[in-house]
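Engineer: Quick note, the sequences are listed as chains S and D, same order. Heads up, the first sequence is in our numbering, so the first residue is 1 and it goes up one at a time. Heads up, the second sequence is in our numbering, so the first residue is 1 and it goes up one at a time.
Please note that a few of the clues may not be correct.
[As the list claims (entries may be wrong)] Examples of chain D residues lying across from chain S (beta carbon under 10 Å, computed):
#1 Ser51
#2 Ile70
#3 Ile76
#4 Leu103
#5 Lys106
#6 Gln129
#7 Asn133
[Said to hold, decoys possible] Output of the computed footprint for chain D on chain S, the stretches with three or more beta carbons under 8 Å from beta carbons of chain D:
#8 40–51
#9 157–171
#10 315–328
[Stated by the list, open to error] Coverage of chain D stretches by chain S, computed from C-beta distances (three or more under 8 Å per stretch; other residues unrestricted):
#11 35–49
#12 58–67
Hints are computed from structural coordinates only; laboratory data are not their basis. Positions of the beta carbon are idealized from the N, C-alpha and C atoms, including for glycine.
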Amino acid sequence: MNTVIFGAGTVGTSIAGLLCANGHSISLVDSSASALRAVEEQLDVRTVRGSACDSITLFQAGVQSADLVLAVTSTDEINLVGASLAKAMGARRSVARAFNPAYLDASTFDYRRHFGIDRLLSLERLTALELARAIRMPSLFAVENFARGGIEVQEIAVQTGSKGLGIPLKDLQLPQTVRIGLISSPQRCVIAGANDVIEAGDHVTLIGTQDVIEKTRHDFFEARHPPRQNVIIAGGGEIGFNLAAMLQKGRFNVILMEADAGRCQFLAERLHGTTVLHADATRQAEMQEARVGKADVFVAATGHDEDNIVCGVEARELGCERILSIVRRPDYANVLEKVGIDVAVSPREVTAREVLGMLQGGAIIGGSRISGGDAEVWEVEIDSGAPIVGTKLRDVALPGSLIAAIVREDFVKVPGADDALRPGDTAVVLVHRNSIADTLALFESR
Amino acid sequence: MTLHTEVEDRSLTSLLCSNAFCLELQGTDAKSVLGELVSGFVRAGIISESSEAAVLEKVLEREQLGTTGIGQGIAIPHGKHLDVTSVVGTIGISRAGIEFNSLDGKPVHVVLLLIAPPDARVAHLQALQAASNVLREPLTARHIQQSSSIEEILETITDAEGA
């Protein structure tokens, strides 16, 4: 596959390295000759010097025949313009990194659509999503996010004494926006049908939006509510802000520590379920005052690796049980384990994984295995040539698979039998491993 | 965003003018080679003799903004001119190699020249895309370079586009 990357900074370089290692052919565009030279010394990539907004440069880099263009310079505006040009010049897929939340929000104006870009990538949101996943994971077997985090897939073990036991699914009155995907036990593994009945000890896959899934799990499949957990986040930057917003919806008491008073004001106005503390996490006294020692989870999410390590160690000293930290420099990964940080999340690695997902050929743009490999969940882009387009789901012969969610114009919908897929939709599809080929045929363009 | 409707057949084969091909380019620098290729269009009756100089100038102007020698022995020079009514293309081959100021510094052996009408924005982009798609395959480029007849070149490109 041919990939063109704009920006030879840390993000662009690390993605280039990863793709090179996977045998892709890469062209790297940057306006700095020295940045390009530094990359050339390490990697087997083609480099083109020039602006990512300059069509001549883009032509030389080969965007017109690229399978994927990634605009990951440090400037949002350059990324938007460059990715837009690349798409117009013929790139198959074009992705821009955006930092400014205004560009990611489509409620007033859809920047992505306006610029003709396939996807806007926020490293900060992806990183927050990954941290949230790690925080929630201990009580779940698996959590996967699809459709830019809009859809979640959770695998849970159904507890004895839960309300949802012994009743056929059609009579269970689950919320409209959640679907039960797979029911598995040592004896069976089936895509859930209306007449199936869940037994205690079964593993069940829930698909839907995060808040509804959480509620469904509590109401139907848990006999006792798990205790609320206290999470303290150090650093109210974009990552800390997004993480708090994701966690406050769940069973977490979230405290966000931020040293800048103005930013605290901003955060407090937008995070209604979070306690925002004006405090500096690098000061021991302020950490003690925030009662970090009593927290269940501490997340070091400031803008500096060094500060994150220091306050992570401090939190551990104060008695916090679980420490998560963001690390940007790969060199530090080794140290973190030694100083007692449990989970280190690197924005670059998270992004790199995301990009690898985009490079899968054909209609599938993301996927993962669940239930020990018995089934897969796919994120599928619906092309106008796909056989399934326009057919009501009740008329689609799909034994062994389930269209669990549709994302249309940034809205998530759990489809009913009378819904049909349209070109441009993204669908989240659950597939039993025996039906992979048949299901794929419905989505591949003729 | 998709580009369609302006032209129906978007293949490279459909816009190549095989009677303008130059199987043995004489020049060793970009300017003289582009002159030969533009002359080929005139010889084939695609561009009028009176426009020859102006078309060449347009192509050279574009070349000055940044080379179209995209590496691996390939160049895709292009320009726009009123004298053509649809996108047209020709191919030139040089055994000796042409100094094209290529991105990878290597001499160019296969030159694909495209001329588009000024208002055919979409068709122009599609032609560039089709040309890049075909020539980015090193094997296809080498087959073209080693071709000794027009038919051989066309067959290689048709095969590459069919694949």
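Engineer: All hints, please: hold or fail.
Structural biologist: The hints, checked one at a time:
no., hint, in the structure
1, Ser51, "violated (24 Å)"
2, Ile70, "holds (6 Å)"
3, Ile76, "holds (8 Å)"
4, Leu103, "holds (6 Å)"
5, Lys106, "violated (12 Å)"
6, Gln129, "holds (4 Å)"
7, Asn133, "holds (5 Å)"
8, 40–51, "holds (count 3)"
9, 157–171, "violated (count 0)"
10, 315–328, "violated (count 0)"
11, 35–49, "violated (count 0)"
12, 58–67, "holds (count 3)"
Checked against the numbered hints listed earlier, the structure breaks hints 1, 5, 9, 10 and 11; every other hint is satisfied.
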